[in-house]
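From first to last, the protein sequence lines are chains X and V. Mapped onto my numbering, the consecutive letters of the first sequence carry residue numbers 71 to 351. Mapped onto my numbering, the consecutive letters of the second sequence carry residue numbers -2 to 88.
Hints listed in this document are in silico derivations from the structure and should not be mistaken for laboratory results. Fair warning: this is a prediction, and the values are worked out from it, not measured in the lab. Keep in mind that the hints are not guaranteed to be accurate.
Not everything, but these chain V residues come out facing chain X in the computed CB check (under 8 Å) [to be verified]: (1) 8; (2) 23; (3) 25; (4) 26; (5) 28; (6) 29; (7) 58; (8) 69; (9) 70; (10) 71; (11) 72; (12) 74; (13) 82.
Backbone N, C-alpha and C fix where the C-beta goes; we use that ideal spot for every residue, glycine too.
Below, each chain spelled out in residue letters.
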Amino acid sequence: MSSISQKTIHHYLRHKKKFPHVWCPGCSNGIVLGAVIRAIAELKYDKDNIAMVSGIGCSSRMPVYVDFNTLHTLHGRAIAYATGIKFYKPEMKVIVVTGDGDATAIGGNHFIHAARRNIDLTVILINNNIYGMTGGQYSPTTALGDRSTTTPYGNIDPVFDICELAMGSGATFVARTTAYHALEAQAFIKRALEHKGFSLVEIMSACPVIYGRLNHKGDAVEMMKQMKENAVPIAAYEKLIEEEKKNKYRRGIFRQIESPEYTEQYQNLIYSLQEKQGVQE
Amino acid sequence: MKYWERPFGQEKPKVVQGEIFIISDRCKGCSFCVEFCPNGVLVISDEFNSKGFHPPMVTDLNKCTFDGLCESICPDCAIVVVRKEVKIDKK
Ligand SMILES: Cc1ncc(C[n+]2csc(CCOP(=O)(O)OP(=O)(O)O)c2C)c(N)n1
Ligand code: SF4
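Can you make the complete structure from the sequences, with help from the hints?
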């Protein structure tokens, strides 16, 4: 066991108290957890200088397992809490882990406005196309025609493209990958953490127990293989003909630009006003 | 004396060694590690863990490249791959 505990992966986990975790066998959330802590280990961040915030959902249980400053908040409000932390401690790395329902249904408003402000948060959005925790209601990313407990005859709602939504709202780092591409996910999370400004990493994931079963997608291994096939790098996707694009989606970095960061601008505003009025600290 | 040098001043080759640790009691039997290991190092064992799942076991460590793909794909943080590069001195 001695060499195991030397590995950084266990340094960042509450591995003595909280494991095994609650996620179902073959659920992608655990793969994302691994990718997050490995990315942080590569960057050698101090664990006291990281805050991980989440809302409610299966994906949002991640802060329970990591040994950072953690906050498990209300459904959909993770980004609002994270904004508060970032304002109070701008030097802290604030990571938000959220689900598709959490971030784009009930928390859609917080999501688009945090992106618009370009506040320095790293949002890791685990998109399993359904509300997993509450038993399989449809979410804004459930595909057309797919079954869920609230769309037993097939979903007729058009789907949100979360990366497009974030870019439309003004996010400055936007990337998408899948849980199958675990090493790519790790690399994207690392780049998102290094980026200054609002960064979104959307990780397509498999919920074999609820979504997979309702839609006859096969077992967990089968769903991983589907992700491998359907997630196409951006450049390769553009070359596909229209028929081949069916069921396929792009993965890669969609945007990475520099733009003024919100908490920094806020600080500058305070300093300039203090100077004007001759206030001394 | 005949002097022989490695081409282009290449470093001495290193041998990759390592170990695979499996924390059996965390395993939930998803079999990703067995399915996605490119070298077929792991198999599902016949043993049961404390939760009643069959954890994986290492068949042939010589086939392993210790890249840690199984560690990355394991959803239960139950596999740890320790990689060491060892210099061999032939005398
Ligand atoms: C205000 C409020 N409304 C509804 C709920 C019930 N609820 C709990 S989790 C959840 C859905 C979470 O779905 P998602 O964010 O997609 O995460 P997943 O479980 O799929 O990872 C809902 C609706 C709640 N806890 N609080
Ligand atoms: S219900 Fe789905 S998302 Fe939730 S833990 Fe199980 S497999 Fe994962």
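field: Structure versus earlier hints - violations, ascending order
entry: Failing hints, ascending: 1, 7, 13.
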